[in-house]
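In the numbering used here, the protein residues as written are 939 to 1298.
Wrong hints could be hidden among the right ones.
Restraint-style ranges between C-beta atoms, simulated for each label pair [stated by the list, open to error]:
#, residue 1, residue 2, range
1, Pro1237, Arg1281, 22 to 30 Å
2, Ser1216, Arg1241, 37 to 45 Å
3, Ala1007, Thr1159, 44 to 52 Å
4, Arg1228, Pro1004, 22 to 30 Å
5, Asp1165, Thr1294, 36 to 44 Å
What the hints contain is simulated information worked out from the structure, not anything from laboratory work.
Remember, it's a predicted structure, so these values are computed and weren't measured experimentally.
Beta carbons are placed, not taken as given, at the ideal position from N, Cα and C, and that holds for glycine.
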Amino acid sequence: MTYLRYRDDIETPEPGEQETIDGIIQGMTHQSEAVEKREQHAVRASHAKSSACVVGTLTIADDLPPELAQGLFATAGSYDVAIRFAQGPGETLDDRVSTHRGMAIKVFGVEGEKLPGHDAPTQDFVLATGRTFPSGTASGFLSDAKKIGAATPMPEGVKSTVSSLARNFNKVLGLFDTASAKADFFGHPFSHPIGDDYFSQAPVRYGDYVAKLGAVPASQTQDALSDWRLDPHADEDGFRHAAIDYFRDHEAVFELKVQLWANAETQPIEDASIEWPSQDSQYRTVATIRIPAQEAYSPARVRYFDEVMTFRPANSLAAHRPLGSVMRARLQVYRALSAFRHRENGVAEENTADITAIPA
């Protein structure tokens, strides 16, 4: 199969895109201010509620073919990683509001040219459930951010109802093989967070190529979680408790996969709401993430992950530069909202450079 090469002119920004990004930052900052007022603490503007804060190892596969042996993955080897699993909303909600989830990965000991402003030897991959980002573009991101911001002051019971309606609606659509990414965004199944698949949703540069990334569970104990469902009325922090219980006794394994860009017509760079067809290119394994059994929610580690650490697409090798409209927005939005959160909480922002900085 022939894969399309990365080019410096691969992106086509929309007219007025910077104004759109400024609008996203302004709107999400106002949303964060409203949440801070209610919770008496500034939290992440998305993926605020962590469910596990863990460390492990990423091992690059041996003998990758040339098109996969790119960037971080050019040479076989192992790297320490820190991983934060979290629920989607930018506020601390009862788990009855089961929306999209996140898996943020920080790889340590990474050498090579970095993006401007990133000076640590690390590479971040910020993943979420769902193969696509429903907003699609920066302008769609702004539109959806306005809707989420307007809903922020609503009672939690209303948010739970909306999540339930979206989830049940998507169940019906799934019967006809037409499940909606946007419905899943607001109403994800009550599945186990360590048994979910996670994706970059939007493309990144992959050395000489372009790719989307995915992390897929790859152990028998995780396979056994496929039928697990939270009773939302039994435990408002059930996803967190399930993750803690899992890591107390079990290792988790994820295969890190890439889907290379092969068709400019069916696999757009600028619209992240369009799933890249598998018939054009399959997800292929390039590395394995192993997370050993451990205490996944110690107070010291959670405080460090939630209050101090930053995970953002801009923490990247130049060889894995985020691409497309949504990613260009994320490069600025993550930085601005992180600065707001740390400033409001009086906590110094830290671009963690070594895994030894992470508490046990």
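Each hint, compared with the structure:
1. Pro1237 / Arg1281: 22 to 30 Å: Given a distance of about 23 Å, which is inside 22 to 30 Å, the answer is holds.
2. Ser1216 / Arg1241: 37 to 45 Å: 41 Å, holds
3. Ala1007 / Thr1159: 44 to 52 Å: 30 Å, violated
4. Arg1228 / Pro1004: 22 to 30 Å: 26 Å, holds
5. Asp1165 / Thr1294: 36 to 44 Å: 39 Å, holds
Consistency with the previously given hints fails for number 3 only.
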